[in-house]
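Here are the chains, one letter per residue:
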Amino acid sequence: MKVKLLFFAGFRDVVGSKEIVREIPEGWSVLDLWNDIADRYPKLRGFSKSIMNSVNREYVKPDRALKDGDEVAFIPPVSGGGHA
Amino acid sequence: MHKIVSGQIDKDEAVKAVNVPTSGAIVTFDGIVRGTSHGKKVLYLEYDAYSEMAESKMEEIVKEIYDKWHLKDIAMVHRTGRLEIGETSVFIAVSAPHRAQAFEACRYAIDRIKKDVPIWKKEVWEGGEEWVGMQSEDN
Chain A
1 MKVKLLFFAG
11 FRDVVGSKEI
21 VREIPEGWSV
31 LDLWNDIADR
41 YPKLRGFSKS
51 IMNSVNREYV
61 KPDRALKDGD
71 EVAFIPPVSG
81 GGHA
Chain B
1 MHKIVSGQID
11 KDEAVKAVNV
21 PTSGAIVTFD
31 GIVRGTSHGK
41 KVLYLEYDAY
51 SEMAESKMEE
61 IVKEIYDKWH
71 LKDIAMVHRT
81 GRLEIGETSV
91 FIAVSAPHRA
101 QAFEACRYAI
111 DRIKKDVPIW
121 KKEVWEGGEE
131 WVGMQSEDN
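Protein chains in written order, with this note's numbering: chain A, 1 to 84; chain B, 1 to 139.
Pulled out of the complex, with its shape left as it was, chain A reads as follows (with noise of 0.2 Å):
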């Protein structure tokens, strides 16, 4: 099946393209994903525990399972916090 990857911010700047289309295995989480994007670019590995995940343009947990047609992006961490 294939999903509509995103990406934004300092994430596009690693992977050097907005939106990427993945075939993945059938049954794939968010997690497997991540953990096969972050194989190929392995600057971004470092984020794991800071990103949060999309699908279809709603934060999920990464064990959300994944459906064909997806859109899902991997949120870097957004630019609130303090020195507002």
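Quick caveat, the hints were computed from the structure, so don't treat them as lab data.
Computed from a prediction, not measured in an experiment: that's the story for all the values here.
Be careful, since some hints might not be right.
Straight-line alpha carbon distances no greater than 25 Å define the calculated DSS-like cross-link-like pairs of lysine-lysine that follow [to be verified]: (1) Lys114/B with Lys18/A; (2) Lys115/B with Lys49/A; (3) Lys72/B with Lys122/B.
With chain A's structure known, arrange chain B on it following the hints.
Showing chain B alone in chain A's frame:
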């Protein structure tokens, strides 16, 4: 009204959108690009957003404000792209019958936007640049 825009934010339009016959107070928040960050002189900022998701997250915030204060006349606009020092990156206007609720709800809105809405900023300074948040963990 809640949206992501790539050009200058029209603040008058946002304020007018929330000025209704039940309004007694309109509180606005104007987020400005600051020229310094951690002691460094910032040249400009660049914002990136997951626009479709950001807009749906903003809609959720509007609903939360309705649940908490029964206010529905709220405008939130965030800009993306390159922004110069002194420009507005985010603008919020909250209208309420009385000022206390308008102040509270406006504060709530900006805090929620900063925490949960997928928008990122890159600081560009003399000799370098960095996406804020990307310096965490072992990177």
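Out of the numbered hints, which ones does the structure contradict?
Number 3 - this is the single hint that the structure violates.
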